[in-house]
Amino acid sequence: MSDVLIPTSLDEALALLADDPELSPLAGGTDFMVEVNHGSRRPQRVLALRAVPELHGWHRDGDHVVIGAGCTYAAMEDPAFVALAPALAQAARTVGSPQIRNAGTIGGNLATASPAGDTLPVLMAQLAEVDVASTAGTRTMVVDELIVGVKRTVLAPDELITSIRIPAADGPQEFCKIGTRNAMVISTASVAVVLDRGAQRVGCGLGSVTAAPTRATQAEDHAAGAIDWARPTATGAEVAPRFGELAAAAAAPIDDHRSTAAYRSHAVGVMARRALERCLS
Amino acid sequence: MSTQSYRLHINGTDHDVAEGWVGESLLDVLRDRLGLPGAKNACEEGECGSCSVLVDGVLTCSCLVLAASAVGTEITTVEGLGADSELTDVQQAFIDAGAVQCGFCTPGLIVAIHDLLDRDPAPERLDVEEALSGNLCRCTGYGRILEAVDLAAARRGGAS
Numbered sequence: 010m011s012d013v014l015i016p017t018s019l020d021e022a023l024a025l026l027a028d029d030p031e032l033s034p035l036a037g038g039t040d041f042m043v044e045v046n047h048g049s050r051r052p053q054r055v056l057a058l059r060a061v062p063e064l065h066g067w068h069r070d071g072d073h074v075v076i077g078a079g080c081t082y083a084a085m086e087d088p089a090f091v092a093l094a095p096a097l098a099q100a101a102r103t104v105g106s107p108q109i110r111n112a113g114t115i116g117g118n119l120a121t122a123s124p125a126g127d128t129l130p131v132l133m134a135q136l137a138e139v140d141v142a143s144t145a146g147t148r149t150m151v152v153d154e155l156i157v158g159v160k161r162t163v164l165a166p167d168e169l170i171t172s173i174r175i176p177a178a179d180g181p182q183e184f185c186k187i188g189t190r191n192a193m194v195i196s197t198a199s200v201a202v203v204l205d206r207g208a209q210r211v212g213c214g215l216g217s218v219t220a221a222p223t224r225a226t227q228a229e230d231h232a233a234g235a236i237d238w239a240r241p242t243a244t245g246a247e248v249a250p251r252f253g254e255l256a257a258a259a260a261a262p263i264d265d266h267r268s269t270a271a272y273r274s275h276a277v278g279v280m281a282r283r284a285l286e287r288c289l290s
Numbered sequence: 015m016s017t018q019s020y021r022l023h024i025n026g027t028d029h030d031v032a033e034g035w036v037g038e039s040l041l042d043v044l045r046d047r048l049g050l051p052g053a054k055n056a057c058e059e060g061e062c063g064s065c066s067v068l069v070d071g072v073l074t075c076s077c078l079v080l081a082a083s084a085v086g087t088e089i090t091t092v093e094g095l096g097a098d099s100e101l102t103d104v105q106q107a108f109i110d111a112g113a114v115q116c117g118f119c120t121p122g123l124i125v126a127i128h129d130l131l132d133r134d135p136a137p138e139r140l141d142v143e144e145a146l147s148g149n150l151c152r153c154t155g156y157g158r159i160l161e162a163v164d165l166a167a168a169r170r171g172g173a174s
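Order-wise, the sequence lines are chains R and D.
Position one of the first sequence corresponds to residue 10 (this note's numbering), numbered consecutively onward.
Position one of the second sequence corresponds to residue 15 (this note's numbering), numbered consecutively onward.
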């Protein structure tokens, strides 16, 4: 048996994983191979997912968008995708470089579960549903049930993330990210704000400021109650500043090699306020 | 440590890789086993772009490709661009524009610029800067590299 398996269907991939749960699933490699190259991961056997067609691409499903776990960040720059999921497309475009966006996948972003994963605040703001499959069947969970800590998920060794389901945009959305430069940067802090006219809901996801991705629920409720949903504008000038304060209060950042807790809290507040202002302008 | 043998298709030719370590990157296989040192090894974490290659026509950092997972793909390195032993138009433009100083980043940039110009023969400056944002150069300040892209694009436009 080869050490690197390249299944060509989802059923084959799940069967291989069921037979040998010590197989390391490999998606785009942009996290996995960094760990291998730097010696912190020594894979014995690898399940390369690049040739599993069921994981590729995205499609519209009524009022929702279903994104294959193997959909690359570059594929999310497609104008048709941008129209349906503008905040997620913005987040995807801030990832790494063209080379990284050509390889990295949304399923990999979820499975790696880094606090700095760029798509995670958006998926949190949109209450994305994640399908997770094994030979025993498929279970669906909301993204905050999947990710439970720094690089920790509830995935069992024989499970694969297969797809992500989000509502198609029904209102303005914004994603903001701050880092030390414009290109090729790992997030210091990030914020996603999503207005859903149909549900009269505001979603606010925060990145790089908590161990697991989080929503600023008090900020969400504050804005949802203050917005004129007939034509999303705020009914009071204080809505966005207060929204920013409440978003900053939901952050629980740490000092690390990338930034300080104080700066991250400040940055999250500013970005949340700006993102809501842009949504309402 | 586990070992295996497999075959990669690179620049139109089959290459056998014997007893590879399972975690070996495509970059290491190209450079250390197959005598294709064009892709350069600097950061090994996708930051610098000096190891850029095309996998099935897609611009990728070869340091982030598990070599044995690339079985069945079409790999193109800087050595495989253009006709045998002749410079490509982008390489010639680099010489004419003086876009090479130490030269370490050059092969990765050449691959990235071919990828760009094959998709967009007349890119705007901002598109060029974004397309090359994953390729670090610490010598030139990028000015002459951008001039080389403009030169190659202008010559392609002139030839059509």
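Quick caveat, the hints were computed from the structure, so don't treat them as lab data.
Here the structure is a predicted model, which is why all the values come from computation and not from measurement.
Honestly, I wouldn't trust all of these hints.
Claimed, not checked - Chain R side only, calculated, beta carbon under 8 Å to chain D, not exhaustive: (1) L93; (2) G105; (3) P107.
Said to hold, decoys possible - Partner residues are not named here, just some residues of chain R that face chain D (Cβ under 7 Å, in silico): (4) S11; (5) D12; (6) L14; (7) P16; (8) G38; (9) G48; (10) S49; (11) S106; (12) Q108; (13) N111; (14) A112.
Unchecked claim - Computed footprint of chain R on chain D, listed as stretches where at least three residues anywhere in the stretch have a Cβ under 8 Å from a Cβ of chain R: (15) 20-31; (16) 90-101; (17) 105-117; (18) 157-169.
Note that beta-carbon positions come from the ideal geometry of N, C-alpha and C, so glycine has one too.
Hints, verified against the model:
no. : hint    : verdict
1   : L93     : 23 Å, violated
2   : G105    : 6 Å, holds
3   : P107    : 5 Å, holds
4   : S11     : 5 Å, holds
5   : D12     : 4 Å, holds
6   : L14     : 9 Å, violated
7   : P16     : 11 Å, violated
8   : G38     : 5 Å, holds
9   : G48     : 9 Å, violated
10  : S49     : 11 Å, violated
11  : S106    : 2 Å, holds
12  : Q108    : 5 Å, holds
13  : N111    : 5 Å, holds
14  : A112    : 5 Å, holds
15  : 20-31   : violated (count 1)
16  : 90-101  : violated (count 0)
17  : 105-117 : violated (count 0)
18  : 157-169 : violated (count 0)
Checked against the numbered hints above, the structure violates hints 1, 6, 7, 9, 10, 15, 16, 17 and 18; every other hint is satisfied.
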